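In order, the protein sequence lines correspond to chains A and B.
Here my numbering runs 10 ahead of the position in the first sequence, where the first position is 1.
Here my numbering runs 6 ahead of the position in the second sequence, where the first position is 1.
The reader is advised that the hints may include incorrect statements.
[Stated by the list, open to error] Straight-line Cα separation of at most 27 Å, DSS-like style, residue types lysine-lysine; simulated pairs:
| no. | chain 1 | residue 1 | chain 2 | residue 2 |
| --- | --- | --- | --- | --- |
| 1 | A | K391 | A | K117 |
| 2 | B | K308 | A | K38 |
| 3 | B | K308 | B | K168 |
| 4 | B | K308 | A | K170 |
| 5 | B | K308 | A | K576 |
| 6 | A | K169 | B | K452 |
| 7 | A | K212 | B | K420 |
Calculated directly from the structure, the hints in this document are not laboratory data.
Predicted, not measured: the structure shown is a model, and the values here were computed from it.
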Amino acid sequence: MTENAYLIPLLPMFAFVMIVFFMRWNEKLSAGFSIAMILISWVMSLVILFETLGRHGEPYEIYFYLTSFVGINLEVGFLVDSLTAVMLMVVTTVGACVEIYSVGYMKDDPRFSRFFSYLSLFLFSMLGLVLANNFFMIFIFWELVGLTSYLLIGFWFEKKIAADAGKKAFITTRIGDLGFIVGLLMVAFYAGTFNFGGVFDKVSAGLIPAGIVTVMGIFLFCGAIGKSAQFPLHVWLPDAMEGPTPVSALIHAATMVAAGVYLVARIMNIFVGSAEASMVVAVIGLITSFLAASIGLVQNDIKRVLAYSTVSQLGYMIMALGLYGYDTAGGHHSAGYVAGTLHLMTHAFFKGLLFLGAGSVIHAVHTNDIQEMGGLAPKMKITSITFMIASLSIAGIFPLSGFWSKDEIIAATLHHPVFLIVTLLIAFMTAFYMWRLCFLTFFGKPRDQHRFDHAHESPRSMTWPLMVLGFLSIFAGWVAIPWLPHGFSSFVFHGELHHASPNIILMLISTVVAVSGIVLAYFIYYKEKISADKLAEKFRPIYKLLYNKYYFDEIYHLLILNPILKFANFMWSFDAGVIDGAVNGTAWLTIVWSNIKLWFDTWIVDGAVNGSGWLVRQGARILRFLQSGSMQFYVLFILVIVVVIALIKFEFIRIDIHWPVITVVFVLGVTLLGVLSKLAAGSEDAPSSAKQEE
Amino acid sequence: MGFPLLSSLVFIPIIGMLVVMFLPKERHSAIKWTSTLISVVPMLISFWLLWDYFFNYAGDAAMAYVEGPVSWIPILNIQYYLGADGISIPLLALTGLLSTVSLLASFNINFRVKEYFAFFLLLEAGMMGVFVALDFFLFYVFWEVMLVPMYFLIGVWGGPRKEYAAIKFFLYTLFGSIFMLVAILILYFTSEPHSLNILELRATGSAMAYSLQMVCFIFFFIAFAIKVPVWPFHTWLPDAHVEAPTAVSVILAGVLLKMGTYGMLRVSWPMFPEALRSLSFWIALLGAIAIIYGALVSMAQKDLKKLVAYSSVSHMGYCMLALGAISSVQAITGCMFQMISHGLITGALFLLVGVLYDRAHTREIAAFGGVGAKLPIYSGIMVFFSMAALGLPGMSGFISEFMIFVGAFSALSKIMVGISVLGVVLGAAYMLRMVQRVFLGEFDQKRWGGLTEINFREIVTVGPLMLLTLWIGIYPKPLNDLMAATLENLVNLMAR
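Next up, chain A with everything else stripped away, as it sits in the complex:
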């Protein structure tokens, strides 16, 4: 079966295509077909899990198709090892549960078929991501899950808040992907291949400089920061709760957000090669986990509490993996890898269950606000019991799933005191906020009688998945009971297999921490011995800070979003004003220049032409006087000319001067006389000549 593993993602893809093109008019058929496909995928995953167990986790790799882009091989291949096999089980199980659940939850939605087509597309992408055997492919599916997440968060796109949340999710995760892409470019450049094995070989052989490995690891981790909603890019996940609740359960709790954790686990060889990069990973995980858990303490929206819980738990896993890389790079043994991957699995089940349970509650009371709920347990037995099982599991109560994985995580922090203390604190907070949720929702007096009266248990299509996941929330972690001879840690491990001895003291401490969290919640929200309001009043600044989620959204708006939008607008006016202004300015200058030329042409060039004509005409007018026909005048004229010539000759030759002064005075005098005599003689000449000129 393993050699046909590519069918696992292709079956949901087939469902997607069939629904979009042939089945979307028939809602029942659409839902039924996509559920059937994911169930077949589930069966195949189960078979593959056993086959992989049979091979003791030995990796099985196939290049399904191979092409070469001049120098770099782009492969379409898949890799089945123990991590893949476990993830396939997780994704198909939760996927199948969520699809079945959605039949009830999405009933009467006008876009019912479309919902199932999107879910199928998501499952295709997610399963492809899990199976990918190289960086290039994992990135492709990585982006595709981002797309389906976008489509599903904004599924009720008429609600502006939902559409906003989808956009925010896509863009925020893309910021992380920016780093991922740069990491990929570094992989291509320094390793010359995208294949996981090929890259890891180069890293472990020391063919890539240590500094480069560190930078590469951190850049690749940026992708995980975005997808797994880690600090500082965690802001999108709580908003993503605007999507339908089954989507929150599948994508934003159990699978897609775990992709970042999966990526870190998958490329652990790179982190093992760099203690610095690993420390960055661990610290980011710790910060995220703490911030989110503290925010979760005071939120009132049932889904947002769960969302912050998810962020916090993902931070847990990331931290454990980071610590593993750090310790291993330093040559120490660490339980971090097993802890991270185990928690990835158990968390998927109980968090999926919590979301589906929350969905069942919301379905019943039509509100997300836990302050308007209360006392629902008797009315919704299955929902409340399964929800509490999951809450116990996530709090880490013996012997539920969560206990075993959380215990491993705490064990991973043993050599790092700061991490250990903060981790225990987070465990306490987790137990507290989860049970605050339980007590406020299911116990006490109903705080909104009207909503309470209309509440009812959900239909069977919704409660069955709850029970399946409830079962898994109890037992899934048992595979990792440390006393088992062939437990989880001898199946999913990294590097050399080694057995950590069970640490009873640690187990006791973690149990005490968890129980005390639950007990505190019990006293505040069930017995109401301690008033929550008074506490909030007493620690007002802290409460406000937590209630407003550390003002991350506001800070981002102020420092990043608004400046970028302003800058974009500035660039736009720059483009219109300066660059296009230069073009239009050039055009304008050309026009001005051509106008100057026009003026020059009209007045100077053409002016010279017309002017010479005018001069000739004027000259002719003057000369016309000479043609008077009077003999005396002609004689006088000849006389004057003769005198002038004689004078000139005399002046130049005899006196040897440069200016013929006497001649000029003579000519001027004669001309003056002539003009005067003309004016005196015939002033009747003038009008006629003026007429002629016209």
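Following the hints, position chain B against chain A.
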């Protein structure tokens, strides 16, 4: 030598133009169908070339389907010389496809129909000609021939500021082509014997003096850069796009812009390797600026068409970034992929914006909202192409951008490429903002209640583009193999 396929690509549209001119001008549908059907012929020929080239010539960098050289104006040694290789064949197919698609999208033109379709066929002839010409004189003639119908198509059938846009487009391009003409003359007079043969000059160009190379390279660059358009020569583009009728925008974005990058790859890049090497950093820098700048300006747009137009500036910036990474075959291959994928995706986006504009008579983004509920099919297609434009894997845009990044990362400054990657996020931001404001949110039933769903003809126009976008995105190998030998040869020529 068999049937002159390349010549027929050029002359069938011209014959078509003549046929259309003899049709009675009031027979609108006859004119429309005749010109569309005529344009199908060169489209099929170009597809056949694609097919035939892939199977018979793709391994070799030499020109295929060579016609000529036939002496045409002997006194100037001008030849009629056509040929096609791995970089022109895909662009010919793109031209053939987009021409038919655009003609089909022009069926709602009802004003001076005969002139419109005649001009369109002339435009097609010019475009085909540029991609097959191997003689500078021919190249230049086709380059200019294309301008005239374009000028009229924008200036007569355009929007409110059509005259301004048309003149700006025409003069700007003409301004550039003067530089090209001078460079061609320099090449002509420095070659011995005087020649205008592009292939011959390409072979001897590297022997030119460095300073002369520099002059010619920059002159050609100005001509081509205006066409691409490379930042900061881009401002004619948004104006032309906004004013042009839908189909003309498609051709403008889909084919005309590629002539710039094609010219670089065909002419100036391999011809002046020394000048190229000393300028490549600056070329890549212009590309990187365009990527970020175009994306930011897109984000500020209020008009749908202008948004797509500025996104073109950003997308062509990727091409320039790649063209700066001259030592990397991946980057140059990525550049070709980007040219084709941009032609498909942006062409489709313009078609789709046109579809909405025809119904709503406005392109103002803020006027819409929630259209997704009213027009599910249209919105689905639009979201598909928006995703393609922002580089979602599985579609052609991703392949090209990724190849460019991988290639540029190895050949260029790592920091510059790292900053260019920002374009990926900005691209997502402006596309999704647009999608959200137009298609998501509340629907204004009172204002837009009468909008009708995309019709069959319109689906036929975008359908092929969708399929090709997906095909190249999922299985890019054939296109890559088709161009590989030619591009490798080009990179070797550039490395001389």
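Hint by hint, work out which the structure violates, then give me just those numbers in ascending order. Those not satisfied come down to hint 2.
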